[in-house]
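Colleague: So you can see what is in the structure, the chains are spelled out below.
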Amino acid sequence: MGWLSAMSVRLVGESPAIVAALTAQGAALVDEGDADVLIHVAAPTLAKPAHELSHAEWRASLYAGLDQRFMLAKEFAAAQRALGKGGSVVFVGATEQALGSDHAAAAGALGNLTKTLGVEWARDGIRVNTVLTSADDATLGNLVAYLASDYAAYITGAVMGIGLDD
Amino acid sequence: MPVPSHHIIATPPPFNEPPYPADVFAGQTVLVTGGGSGMGLAMAMAFAQGGAHVAVMGRDLEKAQVAAARIAELGVKAHGMSCDVRLPEAVAAAFDEAERILGPVSLLANNAGANFPVLAEDISVNAWNAVTRIAIDGTFLCSSEFARRRIALGEGGAIINNSAQYIWTGFPGDAHSAAAKTAQATMTKKMARDWAAYGIRVNAIAAGFFPHESSTAGRREGGTESLQNMIPAGRTGSIWEFGWLSAMTCTPLLGALTGQVIVQDGGESLRRSLMMPDFVPPRERAEGPWGWR
Numbered sequence: 001m002g003w004l005s006a007m008s009v010r011l012v013g014e015s016p017a018i019v020a021a022l023t024a025q026g027a028a029l030v031d032e033g034d035a036d037v038l039i040h041v042a043a044p045t046l047a048k049p050a051h052e053l054s055h056a057e058w059r060a061s062l063y064a065g066l067d068q069r070f071m072l073a074k075e076f077a078a079a080q081r082a083l084g085k086g087g088s089v090v091f092v093g094a095t096e097q098a099l100g101s102d103h104a105a106a107a108g109a110l111g112n113l114t115k116t117l118g119v120e121w122a123r124d125g126i127r128v129n130t131v132l133t134s135a136d137d138a139t140l141g142n143l144v145a146y147l148a149s150d151y152a153a154y155i156t157g158a159v160m161g162i163g164l165d166d
Numbered sequence: 001m002p003v004p005s006h007h008i009i010a011t012p013p014p015f016n017e018p019p020y021p022a023d024v025f026a027g028q029t030v031l032v033t034g035g036g037s038g039m040g041l042a043m044a045m046a047f048a049q050g051g052a053h054v055a056v057m058g059r060d061l062e063k064a065q066v067a068a069a070r071i072a073e074l075g076v077k078a079h080g081m082s083c084d085v086r087l088p089e090a091v092a093a094a095f096d097e098a099e100r101i102l103g104p105v106s107l108l109a110n111n112a113g114a115n116f117p118v119l120a121e122d123i124s125v126n127a128w129n130a131v132t133r134i135a136i137d138g139t140f141l142c143s144s145e146f147a148r149r150r151i152a153l154g155e156g157g158a159i160i161n162n163s164a165q166y167i168w169t170g171f172p173g174d175a176h177s178a179a180a181k182t183a184q185a186t187m188t189k190k191m192a193r194d195w196a197a198y199g200i201r202v203n204a205i206a207a208g209f210f211p212h213e214s215s216t217a218g219r220r221e222g223g224t225e226s227l228q229n230m231i232p233a234g235r236t237g238s239i240w241e242f243g244w245l246s247a248m249t250c251t252p253l254l255g256a257l258t259g260q261v262i263v264q265d266g267g268e269s270l271r272r273s274l275m276m277p278d279f280v281p282p283r284e285r286a287e288g289p290w291g292w293r
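Each protein sequence line maps, in turn, to chains V and A.
Heads up, the first sequence is in the numbering used here, so the first residue is 1 and it goes up one at a time.
Heads up, the second sequence is in the numbering used here, so the first residue is 1 and it goes up one at a time.
These are calculated hints, taken from the structure and not from any lab test.
Just so it is clear, the structure is predicted and the values come from calculations on it, not from any experiment.
For every residue, glycine included, the Cβ atom is placed at its ideal position computed from N, Cα and C.
Don't take every hint at face value.
If we take Cβ atoms under 8 angstroms as the criterion, some of the chain A residues that face chain V in the derived model are [claimed, not checked]:
1. ASN115
2. PRO117
3. SER144
4. ARG193
5. ALA196
6. GLY255
7. GLY259
Some chain A residues near chain V, calculated using beta-carbon distances under 7 angstroms [as the list claims (entries may be wrong)]:
8. HIS7
9. ILE8
10. THR11
11. PRO12
12. PRO14
13. ALA178
14. LEU227
15. MET230
16. PRO232
17. LEU253
18. GLN264
19. GLY266
20. VAL280
A few chain V residues that don't get close to chain A, going by computed Cβ distances all over 10 angstroms [to be verified]:
21. TRP3
22. ALA6
23. VAL19
24. GLU32
25. ASP34
26. PRO44
27. GLU52
28. ALA64
29. LYS74
30. SER101
31. ASP124
32. ASP137
33. ALA138
34. ASN142
35. ILE162
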């Protein structure tokens, strides 16, 4: 029996640690279509000083770190509502100050978006949480799997890290 | 009002399906302060579900012993004892007693606390001292005693602190606890840093509303049924899901987790809107959450 047995998970982005934990906890990973869980992992952006960032680079970071996440979550929540099912969303990324100002903006926005969506969708049974960390290890995988599962049924709108500098 | 029937409520698995193996803490001993009832007892039960032996510490020896007997039914060794966590010598003696009977304490759950709704101007010096020092000094004294022993043994360990969801917002009508619980959360982060090199992890749960038989809400007339709809999640917390998260942070499954304050409150601390009911100062509220005077 795993935390996610009989549950399907759509993972967007790359993280071998998260894949390993999801699989170990019995989740079925799906690329498209209905899923009980949406996990979005944003790849780290280049760490450049603000005055060296082009607007195109800025936009790309904000898209990957914020806009795309919102749109995917919105789409996921709409699909779950249509099915009359709850679900959970977990966003994963680097800590706010770890990279450039583009990432700082996106990660800060994402944190407060998480708190907002967690409440806005609470009575749809859809939970929304975020892990901002420099860790990419078994703890990250297990934490994300736990947050995705019903064991975290009372955790929503939470933003957390893993290590001392998160 | 009851929760409308078309709302979907996320619920945890039942108590007998903990999220970790029954031997995840095998051979280890946890000391739980304020473990005789309520959230502390829930922490103690959760550690016992992972196979830890449990030292249950409380102000009331008899209550701690009754709790220990309940915990032992889960198949672990449990020992009830009394201690005032504000007194360093008493804390050291309690660790001695726990270790003599159960072996080295490698896990610590700081739950001891007192709390009651009261207007700030009505908080006596004694009440202020009791609430703040049990949580603030108690957490410091128990954690530092624990750490000194682990460091002397050359072994790591894990600490979990029971903080509260109102640590970021203040808690009008509960000034002593608002101060105390935030102190616990901020010391969590610094102690995690102080002891990282020794393999001692320190985390906290910013807990929401988990009614139990000894909480103010638990004793409320009419029970807690009418409180479910005020939480965004559509329910108050189940005491065992708090216990599980507390114990989870101490497992090797989350072996890199340290310095974190994890909020578990069903969205309670986040509910707000542009338009809200008129503000009424706590003093002028005809009824507080459960009546001011």
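Colleague: Now tell me, hint by hint, if it's right for this structure.
Modeller: So, going through the hints one by one against the coordinates:
no.	hint	in the structure
1	ASN115	violated, 20 angstroms
2	PRO117	violated, 22 angstroms
3	SER144	violated, 19 angstroms
4	ARG193	holds, 6 angstroms
5	ALA196	holds, 6 angstroms
6	GLY255	holds, 6 angstroms
7	GLY259	holds, 5 angstroms
8	HIS7	holds, 4 angstroms
9	ILE8	holds, 3 angstroms
10	THR11	holds, 5 angstroms
11	PRO12	holds, 4 angstroms
12	PRO14	violated, 11 angstroms
13	ALA178	violated, 20 angstroms
14	LEU227	violated, 14 angstroms
15	MET230	violated, 12 angstroms
16	PRO232	holds, 4 angstroms
17	LEU253	holds, 5 angstroms
18	GLN264	holds, 5 angstroms
19	GLY266	holds, 5 angstroms
20	VAL280	violated, 23 angstroms
21	TRP3	violated, 6 angstroms
22	ALA6	holds, 12 angstroms
23	VAL19	holds, 16 angstroms
24	GLU32	holds, 24 angstroms
25	ASP34	holds, 16 angstroms
26	PRO44	holds, 18 angstroms
27	GLU52	holds, 32 angstroms
28	ALA64	holds, 25 angstroms
29	LYS74	holds, 17 angstroms
30	SER101	holds, 25 angstroms
31	ASP124	violated, 6 angstroms
32	ASP137	violated, 6 angstroms
33	ALA138	violated, 7 angstroms
34	ASN142	violated, 5 angstroms
35	ILE162	violated, 5 angstroms
In summary, the numbered hints that this structure violates are 1, 2, 3, 12, 13, 14, 15, 20, 21, 31, 32, 33, 34, 35.
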